[in-house]
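> Next come the chains, spelled out residue by residue.
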Amino acid sequence: MATPKIISARFDEKKAHTLEGYLALGGYATLKKLFKMKPDEVIDEVKRSGLRGRGGAGFPTGMKWSFIPKNTDKPKYLCVNADEGEPGTFKDRLILERDPHALIEGILICCHAVGIKTAYIYIRGEYDFPLARLGAAVKEAYANGYLGKNIKNSGVDVDVVIHRGAGAYICGDETGLIESLEGKKGQPRPKPPFPAIVGVFDCPTVVNNVETISALPWIMTNGADAYAAIGTEKSKGTMLFSISGMVERPGVYEGAFGVNLWKFIEESTGGVKGGKKLKAVIPGGSSSAILTAEEARNVNLDYESIAATGAMVGSGAIMVFDEDTCVVEALEVVLRFYAHESCGQCPPCREGTYWLYEIVNRIRTGRGRPEDIDLMLAICPDMLGRTVCVLADSAAIPAASYIKKFRSEFEAYIDKANPPERKLHPGGINFEARAL
Amino acid sequence: MSHARHAIAPSGKPFAFSPDNEAKFAQLLPKYPTKRAVILPALWLAQEQEGHITVEAMEYVARRLEQPAVAVFAVVEFYTMFKTEPTGKHHIQLCRTLSCWMRGYQDLQGLIERKLGIGPGEKTPDGKFSFELVECLGSCGTAPMMRMDDRYWENLTVEKLERIVDACNQGRDPAGEDH
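Taken in sequence, the protein lines are chains A and B.
Numbering-wise (this note's numbering), the first sequence opens with residue -19 and increments by one.
Numbering-wise (this note's numbering), the second sequence opens with residue 5 and increments by one.
Mixed in with the good hints, there may be bad ones.
Derived BS3-like pairs (lysine-lysine); straight-line CA-CA distance at most 30 Å [to be verified]:
#1 K165/A <-> K93/B
#2 K214/A <-> K54/A
#3 K56/A <-> K39/B
#4 K97/A <-> K87/B
#5 K87/B <-> K164/A
Simulated from the structure, these hints should not be mistaken for lab results.
Bound-form chain A, shown alone (with noise of 0.2 Å):
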């Protein structure tokens, strides 16, 4: 069965940015019997679609909406997150520059769903396109009356703000997003309390990735049972895979879950870049574990059998190395990631990713001791699930994992009298230890 496009449907179609275009192609048509609808009838809509968030964690969009409460005087809120940074993820860049409108459609039915009259869209500062495009849709649909107050004569009410982030990968996650919403630095808070009880401005907020509320206008249009019936029976429906490194098609693809991996990835790309031999694969994202060649080969793409493997799904980013990538350098680079990003207000987390990347940077540049790799190792179990948030799994687990996976290639660097070979760049910029 070919997959069916449900989010990039519309990707091709050169107006579907526009209000018009997006009428078309049958956009907002799903408002009418949306606002027919009791709010709990389109929350058990989605909770029985399956859909999970795709902003990184999976969770189950439907039961994260029945957890606001509902009796409250507090307003609301919704905050889409647009703050798109997992390292290797481009897709929801897509969907701000291509469909804009079926966001703004997703987050009607978001708002009706959960009682919400407010809605933020919290952007990535370095995304000018998607933001003038973001922007231009949102002005079209305030003055044809797809935003605003009385939407269409239903009687309902939901305002559209956009707000532009400035730089800082941490603002992704969703408390610290929330903070950057406030007005402050984004350091993410303990939870509990979880946004849906105390979210921003202290009240009851949903926090949604762009790809999972673009989903939900096929699925109101189509029905939960057409969107479960796609995927497998936990990992329901299609995802946007942004797919780089090493392949000779690099793009976003969508792909229905429990495919091959491997298959998938060249299927969609074309295989490894110039021929060459495929050496592993990042199946989501920077934080997550890295598999190997064969591991890459044998694994179903979805959120069980990726899991099993210790890797993880994410938010769809899969980067290929080829025979020719540096398992040492690319940890480096990696670590020097985290390591410039950590908020800083947890230890583990501030220490922990700046020492892992001092370390694989004097392994790398030379000057690495051979108790050094067991010192990394030693290092990761300490930062796992003792921070506010996941910033320092999301180093250790891809160090501990390159280096198990890889060891061989890091003792190399150790080993004085045989230096390895460097093949990508050689002759290529010394990264700065301290200039991180």
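We have chain A already, so just place chain B on it with the hints.
What follows is chain B alone, placed relative to chain A:
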């Protein structure tokens, strides 16, 4: 947290929103239930107005939003896109994270260093270019890439980047070289 910065000295130049930004600022206030939440959007206005954010602008934003100055300073320090010093006319943000690393951002950095004579964090003496290495910009499918002049430049090669830089140097619109 990302950058340990030095204490920032006042510029000696007073700051106030331009009439345009004053109007935009007035529109921002009703969108949020607290004044503190307007700090980031107000700082964006200040940065767009002057190209960077001076101490005076931070104090101004704090006053306008009835916040302690330190609340605004802390935000400016935390977010990498808020600049406390003027950047070059063309500010090059070259991505160095995984996919851009695999696809050879190193060669692009080499070109910038050779051709413009500046490393990360530096500015050319004529003020035309400044350069920084940044983390993942969400454009991994078109790596290597950079952000410059408020837009992305994707699928870069050394040759293409050289054409873009040349266009900037010759006062032409570099967009013509984005192919």
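> When the hints from earlier in the document are held up against this structure, which numbers fail?
Numbers 2 and 4, in rising order.
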